[in-house]
Amino acid sequence: MSEARRRPIAGGAGGATEAARLTTLPREATSMGPIARLLEDERVLGFLLLVPTVVLLGLFIAYPFVKGVWLSLTSATVGNPGQFLGLSNYIKIWNDSIFQRAAYNTFVYTAIATVGKLTLGMWLALLLNRHFRGKRLVRASMLLPFIVPTVLSTFAWKWMFDPTFSVLNWTLYHFGFIQTRIGWLTDPAMALGSVIVVNIWRGMPFYAITLLAGLQTVNPELHEAAALDGATAWQRFWRITWPLLLPVTMVVTLFSVIQTFADFQLVYVLTGGGPANATHLFATYAYQIGINTGLLGEGAAVSLAMFPMLFIIVVIQLWYIRRVEGA
Amino acid sequence: MDAEGLNRRKFMTISGAAAAATVGLEGILAARQAPAHAQGTKLHLLRWNDFVPAADEVLLKQMPEASKALGAEVTLERINANDLQARITAAISSGSGPDIIHVLKNWPHLYEKSLVDVSDVAEATGKAQGGFYPAMTELCKVGSSWRAVPHAIVGGQIAYRKSLFEEVGAKEFPKTWQQYREVGTKLKAKGYPIGQTAGHTFGDAPVFWYSFMWAFGGKEVEKDGRTVALNSKETVESVKFAVGFWKDACDEGGLAWDDSNNNRAFLSGTISATINGASIYVESLRNKDKYKTEKGALMHTDILHAPNPAGPAGVFHLHAPFSHAVMGYSKNQKLAKDFLRWLHGKEQFEPWFVAQKGFSVGSTTDWEKHKMWDLDPVMLPYRTAARAFRLYGYAGPPGRAASEAESKYIITDMYAKAIQGMKPEDSVKWAESELKKIYT
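Sequence order for the protein chains is A and B.
Position 252 (the first sequence) corresponds to 252 in our numbering; numbering is contiguous.
Position 264 (the second sequence) corresponds to 264 in our numbering; numbering is contiguous.
To be clear, the hints were calculated from the coordinates, so they are not data collected in a lab.
Be aware that one or more of the hints could be misleading.
BS3-like cross-link-like pairs, simulated, lysine-lysine; straight-line CA separation at most 25 Å [said to hold, decoys possible]:
1) A:K158 to B:K290
2) B:K240 to B:K436
3) B:K334 to B:K113
4) B:K162 to B:K186
5) B:K429 to A:K92
6) B:K331 to B:K113
7) B:K436 to A:K92
8) B:K247 to B:K186
9) B:K357 to B:K292
10) B:K162 to B:K436
11) A:K67 to B:K113
12) A:K92 to B:K186
13) B:K346 to B:K334
14) B:K162 to B:K290
15) B:K127 to B:K42
Extracted from the complex, chain A is given alone in its bound form (with noise of 0.2 Å):
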């Protein structure tokens, strides 16, 4: 209980009654019951708070990752616990030349499509950022292609890839930019390439709205005085947004490595994988292994084979993270 409340108030009207209700605290306080008095304590109370959050992470996230680790260690199939096998299952993908394949196009995928979505998304989140008619139209109209179901639209990029009735090719056909049709999905050189591009188209809105989030922050007087002193738009951009901006940029981009770098249904409707294992992804590949093979203990070990390389990712960007907070 605390002083303020135990502190008598002394004279002024209604003092006796007041006084009279003092004196029954002293009573209230005796009479707390031991859930009561416990709760008082902050460690426990605090302890009893976050509870519910360590349940939820630990059936939720735990559990999962330790029984994912766990199977990728066993010879696991469905209907089958197997048996210990220690790290078999990671010596035999790491001979594997498909997983080879999905850990190489994971990468390349994941750096293209991030660094092409965080300039598209930089370049959009600037021009929303300016005054113009319309601007609120265009900026929800901008979050289209990210809360339309990825399956839906990718399925609409599937269309707009066909091999036969490709409007994209339709359009440079009849412009007369190519005399027989690309194959988008088709040809191993290119698919890996239109499933890039449509990573980006997909994940370009999450990054311009958050950096125009982060844009409004920077004080306009900044820009101004630096205009005054003669600064070119670049200038501005490069010696104050960009500094300004790199908290948030380095969060969001954290962000997108994680998602882009486990992307599974884009890649998934798109091509499953193929043509000949030309645009397979670590979660493809592990999905084909643990679902369609049955092979449970050897799809957690391709799915888990992610986790150093982000871990090492996701430290390296924690730690620019904090430096730059830091400066």
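Using the hints, position chain B against chain A.
Structure of chain B alone, referenced to chain A:
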């Protein structure tokens, strides 16, 4: 005995339980009473969304009949075929889910330990209907026990445009792959190539490329199921032939086609032939006025079907087999088996089979003789399609290793890599090394 005068316990003891336990469905029917299961017992059947909606409608109508016959509520859930394995994996891992699941391909081997022995149902069904095709027995019988009851086979045949083939001088469908390539070359020159996928797609890619490899004498493994036998003269020849066939006769955009691309291409008139279940023809019948040839004729009048051409080793087909499995976690295993006995019985299977119009054929040989085949001569090649049915993993058993090889698209990619420019010998070596990691 007046049934109304019985209490529930007596009813269970005397009529239903006894009848069902001793003589199965025959007992149920003879007793003219629904067998008693615990009140509110439900049986959950999970199947794919059939490509022939009329057949699903037959099933939906049969569910209340089954409920009445079995004294339990039977429900049918349908999902996309591509999602079945994810559902099975989740159901087995959690130990709960549908009592009966529609299993495709060689899944009875994959999930063997989680499926109930249904030998009694399968053997009785096979015996009553002329015997299962050998491939269906191999797929559903794991060791000495049946882990699923074969239901039907979606046959794969080549759908082709009669008028286009005639225009290039082919009065009948080519008998050999060499003839097919020659005809296809002429067709491609006219702007109507053969359409075929070499992509990572569920049905058409393995259906075509496994059959192609077998026709040339190639095989994954020896009979022991362990010795990889892919890198042979026959396989290399088949890959070399495929490269030329693709360049000369095929639509080169097919490298990443899914199972619907060839349907769309065929129905829009951009390809002249493709391997397929009868879905192209069925769709052209369903929307007759929508699909027309370049001369304005109704497309369905210009479609014919033919089996694969012969290679040096013969004619083979990898079809799409469908079976029903009772899940090991089900609390209603007895009821589930009774239901399957009922569903696979001639009386119930027939309306479903007729509704399929040949898209799916029976898993037993008796259905080749059904009068349904007199209705549409275009569908006739499907009648005996299952006779040339060969399985993944040939010449070994269609077990988990065969499944892994198939789900990794190793055979399909062996051809796809060569088509993309890899030396045929190298693509075969690559596939061989991948198979060795799986089989040994």
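Each hint, compared with the structure:
1. A:K158 to B:K290: Answer holds: K158 (chain A) to K290 (chain B) is near 23 Å, not above 25 Å.
2. B:K240 to B:K436: Holds - the C-alpha atoms of K436 (chain B) and K240 (chain B) are around 22 Å apart, at most 25 Å.
3. B:K334 to B:K113: 18 Å, holds
4. B:K162 to B:K186: 14 Å, holds
5. B:K429 to A:K92: Roughly 18 Å separates the two Cα atoms, so the pair holds.
6. B:K331 to B:K113: Distance of about 16 Å is within 25 Å: holds.
7. B:K436 to A:K92: Cα-Cα ~12 Å, so holds.
8. B:K247 to B:K186: Answer holds: K247 (chain B) to K186 (chain B) is near 12 Å, not above 25 Å.
9. B:K357 to B:K292: It holds: about 22 Å lies between the C-alpha atoms, which stays within 25 Å.
10. B:K162 to B:K436: 43 Å, violated
11. A:K67 to B:K113: 21 Å, holds
12. A:K92 to B:K186: Violated, at about 47 Å.
13. B:K346 to B:K334: Status holds; Cα separation ~20 Å.
14. B:K162 to B:K290: Holds. K162 (chain B) to K290 (chain B) sits at ~19 Å (cutoff 25 Å).
15. B:K127 to B:K42: 29 Å, violated
The earlier numbered hints that this structure contradicts are 10, 12, 15.
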